[in-house]
Structures are given as C-alpha cells and as structure tokens.
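Chains Z and H are the protein sequences, given in the same order.
1 is the number that my numbering gives to position 1 of the first sequence; each next residue is one higher, with no gaps.
31 is the number that my numbering gives to position 31 of the second sequence; each next residue is one higher, with no gaps.
Treat the hints with care, since some could be wrong.
[Said to hold, decoys possible] Pairs of lysine-lysine residues, derived as PhoX-like cross-links and limited to a Cα-Cα distance of at most 20 angstroms, are as follows:
#, chain 1, residue 1, chain 2, residue 2
1, H, Lys90, Z, Lys6
2, H, Lys157, H, Lys90
3, H, Lys90, Z, Lys5
I should point out that these hints are in silico values taken from the structure, not numbers from a laboratory.
Source: prediction; values computed, not measured.
So you can see what is in the structure, the chains are spelled out below.
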Amino acid sequence: MENRKKADYRRNFYVFIALAVLTLVEIIIAINLANPAVPLLIIALIKAGLIAQFFMHIYRLWREEEHG
Amino acid sequence: MSAIADTVHEHRTHEESYEEGTKRNRLGLWLFCFSEIFLFGALLAARFYLWGNTRPALDQTLGLITTSVLLISSFFMAWSESAISSDDRKTSMRSLLITAGLGILFLVGVVGLEWGGELRPTDGVYGAIFYIMTGIHALHVLSGVILILINWNLMRKDHYSAEEHWGIEAAAVYWHYVDVVWVFFYPALYLIGQPVHL
Numbered sequence: 001m002e003n004r005k006k007a008d009y010r011r012n013f014y015v016f017i018a019l020a021v022l023t024l025v026e027i028i029i030a031i032n033l034a035n036p037a038v039p040l041l042i043i044a045l046i047k048a049g050l051i052a053q054f055f056m057h058i059y060r061l062w063r064e065e066e067h068g
Numbered sequence: 001m002s003a004i005a006d007t008v009h010e011h012r013t014h015e016e017s018y019e020e021g022t023k024r025n026r027l028g029l030w031l032f033c034f035s036e037i038f039l040f041g042a043l044l045a046a047r048f049y050l051w052g053n054t055r056p057a058l059d060q061t062l063g064l065i066t067t068s069v070l071l072i073s074s075f076f077m078a079w080s081e082s083a084i085s086s087d088d089r090k091t092s093m094r095s096l097l098i099t100a101g102l103g104i105l106f107l108v109g110v111v112g113l114e115w116g117g118e119l120r121p122t123d124g125v126y127g128a129i130f131y132i133m134t135g136i137h138a139l140h141v142l143s144g145v146i147l148i149l150i151n152w153n154l155m156r157k158d159h160y161s162a163e164e165h166w167g168i169e170a171a172a173v174y175w176h177y178v179d180v181v182w183v184f185f186y187p188a189l190y191l192i193g194q195p196v197h198l
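With the rest of the complex left out, here is chain Z (with noise of 0.2 angstroms):
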C-alpha cells in the first residue's frame, strides 16, 4: 500500500507539472503568435486529456481499480 501511495503522489505530481509547463507554453504562443487559436486550442485539448486520463481516471469505466 506503501509503495502504492508513493507512485501516486509521483505520478500527480508529474501531471501537475506538466499541467503547469503546458500552461506556461500557452502564454508564450499566445505571446509570439499573431493568431494563436489552434495552438491554444490543440494544447487546451492535451491538457484536458492529461486531466481525464490521471485526475479524473477515466479509464475506471472500463477497467476496474485495484484496490489496497
């Protein structure tokens, strides 16, 4: 349960980063680019996806969790 946890928190907490670094590259295109939509938009779908895949463990529906 231990290691578990451990591979939890690490793995959130790589999400989070990644969240952040996505966030942060956001700003700079819409910075740099005279029209930044699809950019933005290709970014903002990636991070929804990390988002669905790791916090909101969309896989769950299909596949049942272990548990302990």
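Keeping the supplied structure of chain Z fixed, place chain H upon it in accordance with the hints.
Same frame as chain Z, now just chain H:
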C-alpha cells in the same frame, strides 16, 4: 446527511455490492459530465462566433493567477483521493480543505476581482459573453466547493475507507471536470484574439 448516508448504506447492502453500486454511479456521473459538454461547448461556440479574433482587454495577471489556483486545487484534490485510497484519512481530509480553500480563492479572483474591473455585463457582446461564461463556471466551482465540504464532513464522521470512498471519487471527478472546463475557457477569454479596450 448522516441519515441519508445510512439509508444509502442500508439499501446497498440489501440490493447490491458496493462495487456494483459504484460502477453504476460512476457511469451516471460521467454521463452527467458528458451532458454538460453541450452547455459549456455552446458558450465557447458563442464566444468564437461573437468575439471572433478579438477579446476584451482583461487583467492578464489575474487570469494567470486564477488559472494557477484552480490547477493547484486539482492537484490537491487528486492527492486527497490518492490518500484515502491508501487509508490515509488525515492527509485526505487536509487536502480536501486545501482544495476547498483554493476553490474559494478562485471565486474571489473571478467574481470578487475580475468582475469588479472595467468590463461590465452591459458592455455589448464582450460583457455578455464574459459574464455568462465566468458566471456559469463560477456556479460550478461553488457547487464543487460545497460537495467537497460535505465529503470532508462525512470523512470526519468515518464514512469512508480505502475500499469504499465513492463520495470522494465523485467529488474529485466533478472538481477535475470544472478544471477541464477552465482549461478551455482560459485561452478563449484571456489569450485568443486581439485585445479590445472598451
């Protein structure tokens, strides 16, 4: 609240296992999230149709701060769920409170500060779209904070365990969903288009 939880528990033990109930509840919650895509998708469509390649000149620093606050709150919500999965009740409860606090901070940033800026709801399509998008999202944040606090109270009364914590999972899925919505709203409101000073 306790009476409701007891009734649900009684019903569950007679009718179905906790796992079966959770599976069904999970599908229901995701269908609810899916149905809300139409609401938020319509708001985004209205924004791109009415604003085109323009946007109101909003406070960029405030936008980034509120976005960061919501992102950090999502991290703590995930932490809370991971903690209860490992039977670490104390960490889970603490993370729930931090999440709720950050949610309130987000509301202060958007409703308290951004709404107090120069843009008014009566400023044509800019005001209308900005206030309806942030307003409906803020309502979801508020309901998420209430849901989190209800779960915190239930956990305080020993209602959850490592094996049985559907309430926490549901609050987490809802909270992250609210975050996903803001992931699309933030660039649509603050980053895409040429700023227009009203």
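Hints, verified against the model:
| no. | hint | result |
| --- | --- | --- |
| 1 | H:Lys90 / Z:Lys6 | holds (16 angstroms) |
| 2 | H:Lys157 / H:Lys90 | holds (12 angstroms) |
| 3 | H:Lys90 / Z:Lys5 | holds (14 angstroms) |
Figure legend: structure checked against the earlier numbered hints; every hint is met.
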